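**Student:** Chains as they are written, first to last, in the numbering used here: chain A, 1 to 268; chain B, 269 to 536; chain C, 537 to 792; chain D, 793 to 1048; chain E, 1049 to 1352.
No lab work stands behind these hints: they were computed from the structure. There's no promise every hint is true.
Unchecked claim - Here are the simulated DMTMM-like pairs of lysine to aspartate or glutamate, each with C-alpha atoms no more than 25 Å apart in a straight line:
1) K531(B) <-> E696(C)
2) K220(A) <-> E1083(E)
3) K22(A) <-> E432(B)
4) K1018(D) <-> E826(D)
5) K864(D) <-> E261(A)
6) K201(A) <-> E164(A)
7) K488(B) <-> E1347(E)
8) K163(A) <-> E850(D)
9) K605(C) <-> E630(C)
10) K1003(D) <-> E670(C)
11) K263(A) <-> D921(D)
12) K627(C) <-> E286(B)
13) K597(C) <-> E18(A)
14) K718(C) <-> E567(C)
15) K262(A) <-> E850(D)
16) K171(A) <-> E859(D)
17) K201(A) <-> E286(B)
18) K964(D) <-> E785(C)
19) K752(C) <-> E696(C)
20) K220(A) <-> E1071(E)
21) K180(A) <-> E886(D)
22) K287(B) <-> D113(A)
23) K750(C) <-> D958(D)
24) K708(C) <-> E1046(D)
25) K171(A) <-> E952(D)
26) K469(B) <-> E18(A)
27) K1006(D) <-> E630(C)
28) K263(A) <-> E432(B)
29) K262(A) <-> D920(D)
30) K530(B) <-> D113(A)
31) K1018(D) <-> E630(C)
32) K439(B) <-> D958(D)
33) K1040(D) <-> E567(C)
34) K171(A) <-> E1046(D)
35) K638(C) <-> D434(B)
36) K290(B) <-> D113(A)
37) K627(C) <-> E529(B)
38) K708(C) <-> E952(D)
39) K262(A) <-> D921(D)
40) K378(B) <-> E261(A)
Just so we're clear, the structure is a prediction, and the values are computed from it rather than from any experiment.
Below, each chain spelled out in residue letters.
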Amino acid sequence: MNKHEWLQRIYDQHIAYEKREKRIVRFFQTIIVIAFFSLWEIASRFHWIDPLLFSSPSSIWHLFITKVRDHTLFSHTTITLTETVLGFIVGTIAGICFAALLWWFPRVSKIVDPYLVILNAMPKVALGPILIVALGPNMTSIVAMGAIISIIITTIVVYTSFKEVDANYIKVLQTFGATKRQWFTEAILPASFPTMISTLKVNVGLSWVGVIVGEFLVSKQGLGYMIIYGFQVFNFTLVLLSLLMIALLSSIMYQLVSWFEKKLIKRA
Amino acid sequence: MNKHEWLQRIYDQHIAYEKREKRIVRFFQTIIVIAFFSLWEIASRFHWIDPLLFSSPSSIWHLFITKVRDHTLFSHTTITLTETVLGFIVGTIAGICFAALLWWFPRVSKIVDPYLVILNAMPKVALGPILIVALGPNMTSIVAMGAIISIIITTIVVYTSFKEVDANYIKVLQTFGATKRQWFTEAILPASFPTMISTLKVNVGLSWVGVIVGEFLVSKQGLGYMIIYGFQVFNFTLVLLSLLMIALLSSIMYQLVSWFEKKLIKRA
Amino acid sequence: MPILTIDQVMHAYVTNQSAVLALNHLSLTVERGEFLSFLGPSGCGKTTLLSIIAGLIEPTKGRVLIEGKEAKTMRQTIGYMLQHDYLFPWKTIEQNVTIGLKLTGKYSEKTRKQTLALLHQIGLRDVDDRYPYELSGGMRQRAALVRTLATDPKILLLDEPFSALDYQTKLKLEDLVWETLKQYRKTALLVTHDIGEAIAMSDRIVLFTAKPGKIKRVVSVPDSLKACTPFQARQHPDFSPIFQMIWKELESIEQT
Amino acid sequence: MPILTIDQVMHAYVTNQSAVLALNHLSLTVERGEFLSFLGPSGCGKTTLLSIIAGLIEPTKGRVLIEGKEAKTMRQTIGYMLQHDYLFPWKTIEQNVTIGLKLTGKYSEKTRKQTLALLHQIGLRDVDDRYPYELSGGMRQRAALVRTLATDPKILLLDEPFSALDYQTKLKLEDLVWETLKQYRKTALLVTHDIGEAIAMSDRIVLFTAKPGKIKRVVSVPDSLKACTPFQARQHPDFSPIFQMIWKELESIEQT
Amino acid sequence: VKTLRVAEVTRSIFYAPQYVAIEKGFFAEEGLHIELNTTWGGDKTMTTLLSNGADIALVGSETSIYVYSQGAIDPVINFAQLTQTDGTFLVSREPIANFTWDQLKESTFLGQRKGGMPQMVGEYVLKQHGIDPHKDLNLIQNIEFANIANAFASGTGDFVQLFEPTASIFEQEGKGYIVASFGTESGHLPYTTFMAKQSFIEKNKDVIEKFTRALYKAQQWVQTHEAKEIATVIQPYFENTDIALIEKVVDRYKKQGSYATDPILDEEEWNHLQNIMKEANELPSYIDHSILVNTSFAENAQKR
Ligand SMILES: Nc1ncnc2c1ncn2[C@@H]1O[C@H](COP(=O)(O)OP(=O)(O)OP(=O)(O)O)[C@@H](O)[C@H]1O
Ligand SMILES: Nc1ncnc2c1ncn2[C@@H]1O[C@H](COP(=O)(O)OP(=O)(O)OP(=O)(O)O)[C@@H](O)[C@H]1O
Ligand SMILES: NCCS(=O)(=O)O
Ligand SMILES: [Mg+2]
Ligand SMILES: [Mg+2]
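Isolated chain A (complex conformation) (with noise of 0.2 Å):
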């Protein structure tokens, strides 16, 4: 036996073991998934958990069909979607922004330390009525409340790692005498660009909590909304059709964001 066919040998094992190991958990992920659904389904049809509160799969998935018929399902979530997809490109452009203008003004941003501390600590949510007040009972308010719950921590994580980009590039745009603009766009920027990829990833968590938190307190359209509603016709079902909505889409949004921080970071 050759050297080449022991190796191809040997690869065709471990290929072989790693196919059954990926089996292995495929099929528990998969039990998984039947089991809780399952479960929920017999649970509720046997009256072991009210059917009332906790609905069953079967019911959500009829009237998942049903809504998607009828178009509104459809439009419920473009209306979320919209709102956190927008309150997430504002919220971290703002934030970047912010932080391109602490990195050039230093004093500004030693006056603006303590500031940035306790907004950061703040419970954001918690702003939420004192933005309908100010913005009014519209889209603005709730799309405000999905930027405004990122926008702190954007600046503070961006701007940290504007200055902890090593000084030494500075050194190297120095010597050939670059002037501090040259400084940001040649070195600091695209420097911190992985690090403002990951900030992404937590600003999509946020700006879907920022949205749903603002639909909960304003909106005629939207997931956050069919949830208050469903409360108040107490209809579970919707509410759990809802819920399972926005874990379905927060994942896919968090996933692209994922595959983008992937492809872009790959070289560093």
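With chain A's structure known, arrange chains B, C, D and E with the ligands on it following the hints.
**Tutor:** Chains B, C, D and E with the ligands alone, transformed into the frame defined by chain A:
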């Protein structure tokens, strides 16, 4: 002039400069606070803003004094603080235990991975009502809300740091024939200590969010309750007082954890 | 009986993409008290070989015998020192150097005293209660040496232990390690990229081919150099010719 | 007129805790085309001195003149190469080596071609569109050299450019840099911890005392060594005596 | 066409005449376009009105009193009443054949949240029946509006005070049994009222008048039509709710006279409200009917 005198003079110049700089910073910081509160007061007095909605620093101050005198502020604050600290501790410890579990059983970790992603992306505040159903309308639900909001992110962050511990530390232990349990106690756990401490910082903030949202849903006492009640009877002074108290307390807790972090991590 | 026998060892790393041969039909015997150096291009499998000898990974094929017994069962007889010191930052120097004793169950007041004595002898005084971050690179690497020696291993595996140090510290530590090992009559295997270091410290130098690692040639160091300390050896007239020879040999390996 | 005059330079670093003298009454002149090495204990102020010469920091006292003019105004005439390559990871090799041209406004099709030609000449072919992470340490350091040379500086400051490389790569790069600098008749100041490297590459070696840095002694390298490439010089019979001498000199500095 | 922004406190069958007015085109007939926004909870609704997020709010009259006593510069004026009794029901966990209020004694009672109208009426009614809500029974008042029903459903309390359609759903599902109506016990009071800022009313008298007229038409329509017909009209506002259930609820409210038959908020009702608030220790100060109520629009609407 000898070398020492020369150095001393340079040093003195620097210190003088630093002192001036610090004075300027302090000055502007004070100006900001004063400007903020007096503008607020004036705008409220002259009805540039609706004093009903935005209250005024003086009314907040008077309310503060009244509530300090009759001890109600103290009891509300104590309740909320207790809930937050409990939620924080439960969330952090449970998260670390889960992380240890995942590290110990890599297959379990592979199996639950997609579920962790979903749970992490899910805006936990939306789960509040489910908690009330499960745990009843009492303080347990509020503490659980404070814990649940931080548990998944703690698990993920701590588990990631467990995995990122330099394999060479394990190699060193292996050469002495250490058991897996010893890998964990001698290397994995202490090496991840800094990460754990910095998760604490995030968790403090999250626990506040959880507890405030929890108090919005069920409570007869606490700062979140004061906000809700204040809204109900249109006493915005009460709402703003609670918000200021929350900002103050959460900042203090955050600073405590930061201080703790600095003390512990200096040797890294 | 040789203290170490490497018999037709092959090792392949298997990933999901491919299986890569890291070591190819490698055989070698080492006698008690010998000092061997391994030289070879980056990625030729030197670290892999040390890990196999230490019993940390199992060779895909072939056997490694220590005093005639399977390497895996002989872990206690082996001390392993890595490129960076890998002292545990959260332990004091004393806790670091005695960890091996504790894990192997050899910890007693006596062994503790011995270990601390060795620490002082090697030039680290008044640092028992310090933390690693308070020490310079050279001092840390010395503490790592003491940690390795504390459990009294018969064979020492040294994986580029000096490469992270600056030049002068490195020359000084070479002398120190060399003298300590001679004094305790240890068998040692040193991986290095520095031809001079290999010549200065060892009795035999094993040259590896590039991936997959295979022994290209074993060079014996002349007795005249063996007798000197590493620092003296570098200045010795016999040094330059053997340096030139190995340099050319390695050049030819890298070109293939 | 000497290309570089360092005149009674003193530098103190001031922090909130204390003011520390880094350089003390330092004077030195360097002639066009000379190659100087700076040797001295860690923290003695070598990097500080280079930064002052490059006009990046202003000396607390004293003057640095380049061709008779204030260093701060002469930044363009200076190229600075750091210990690690500090290539920008988000730029391709071509973008990296031409960044100096772009920042100094010298970028044109002609200078671009010249720079890429230098890149190829120095042994980096087909890497123009690669990213730094795709290159080995030695290749990256070469690219950094090209980046430094691209703006055609008169004086090159080299701050331990080889210390992060493995031994063989380092010896090869020493030769390459030495030849390139000789070919373009550059003036160069090299900071190193490696006595051998200093002897092999330079015309004069400046020995610094420990904190605060002060010139202890300037050693001229014998013409016999100056004539050889660095690699040859290390094998030259004249090498060992001067190495011993400098070693002892540094030993004595460290003990004080 | 004039667009009016209306903020309603919640989406409820209790407000059927409002949806009828929109759906049957009574507002459109008056040249009004209604932009309806649900701002969940009285606090948010009133906040929305105060911060000019809406022109008209549909919310309990007690909020206008709170706002006034906090020193509003531009008070909020009640101009048209929509519901005239409480809208909640007493639901017991076990079926009770012959209910008397005495049976509440020693029980655990899951009430509405403190400071709101349902809670105050709840306490008032208990007191009317000789029960001290804070001594004679175990009163739970710490749960947010939306979560009261599920707290009861998951096992908390022997009795609960619930709105529709939850009360009917509970009955349908056997989760609870409606044993009494707080609406019939409460007497007439301005439970849900349309209001606007004084400044807005002054500037838009004609609009308010048109609005009130359209509302009055709807109130009359509701009076003169069967529950079944009403349910069909308002169904678009209650997707996901069974039409039979809507009908049942409408019928229940109609029968107990919860829907005001005209928009007039008279002084008697107003004072009754303040008495109830006073009993509950939530009345900051007594405010005269003439200050916060303007019945002229309602009266004009009735004239034509
Ligand atoms: N865990 C691993 N999985 C896959 N391949 C590996 C692994 N460890 C090492 N290799 C590969 O095996 C080969 C030999 O690696 P090894 O670390 O033993 O080389 P080395 O001679 O020690 O190199 P260096 O001089 O750079 O330390 C390399 O090609 C490396 O890429
Ligand atoms: N930015 C700074 N602030 C304060 N002190 C500094 C600063 N930079 C350097 N120093 C101090 O000045 C002295 C000289 O530093 P420098 O980096 O020039 O030394 P060096 O000779 O280059 O050392 P090495 O060989 O380790 O590179 C050191 O004691 C160092 O601690
Ligand atoms: N999960 C919400 C975090 S915070 O930004 O509101 O603190
Ligand atoms: Mg290796
Ligand atoms: Mg330096």
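**Student:** All hints, please: hold or fail.
**Tutor:** Evaluation of the provided hints:
no.	hint	in the structure
1	K531(B) <-> E696(C)	violated (35 Å)
2	K220(A) <-> E1083(E)	holds (11 Å)
3	K22(A) <-> E432(B)	holds (23 Å)
4	K1018(D) <-> E826(D)	holds (11 Å)
5	K864(D) <-> E261(A)	violated (42 Å)
6	K201(A) <-> E164(A)	holds (20 Å)
7	K488(B) <-> E1347(E)	violated (43 Å)
8	K163(A) <-> E850(D)	holds (23 Å)
9	K605(C) <-> E630(C)	violated (33 Å)
10	K1003(D) <-> E670(C)	holds (19 Å)
11	K263(A) <-> D921(D)	holds (18 Å)
12	K627(C) <-> E286(B)	violated (37 Å)
13	K597(C) <-> E18(A)	holds (21 Å)
14	K718(C) <-> E567(C)	holds (14 Å)
15	K262(A) <-> E850(D)	violated (43 Å)
16	K171(A) <-> E859(D)	holds (23 Å)
17	K201(A) <-> E286(B)	violated (39 Å)
18	K964(D) <-> E785(C)	holds (15 Å)
19	K752(C) <-> E696(C)	holds (20 Å)
20	K220(A) <-> E1071(E)	holds (17 Å)
21	K180(A) <-> E886(D)	holds (23 Å)
22	K287(B) <-> D113(A)	holds (18 Å)
23	K750(C) <-> D958(D)	holds (21 Å)
24	K708(C) <-> E1046(D)	holds (13 Å)
25	K171(A) <-> E952(D)	holds (15 Å)
26	K469(B) <-> E18(A)	violated (39 Å)
27	K1006(D) <-> E630(C)	violated (38 Å)
28	K263(A) <-> E432(B)	holds (21 Å)
29	K262(A) <-> D920(D)	holds (24 Å)
30	K530(B) <-> D113(A)	holds (17 Å)
31	K1018(D) <-> E630(C)	violated (49 Å)
32	K439(B) <-> D958(D)	holds (24 Å)
33	K1040(D) <-> E567(C)	violated (37 Å)
34	K171(A) <-> E1046(D)	violated (30 Å)
35	K638(C) <-> D434(B)	holds (21 Å)
36	K290(B) <-> D113(A)	holds (13 Å)
37	K627(C) <-> E529(B)	holds (18 Å)
38	K708(C) <-> E952(D)	holds (20 Å)
39	K262(A) <-> D921(D)	holds (21 Å)
40	K378(B) <-> E261(A)	holds (21 Å)
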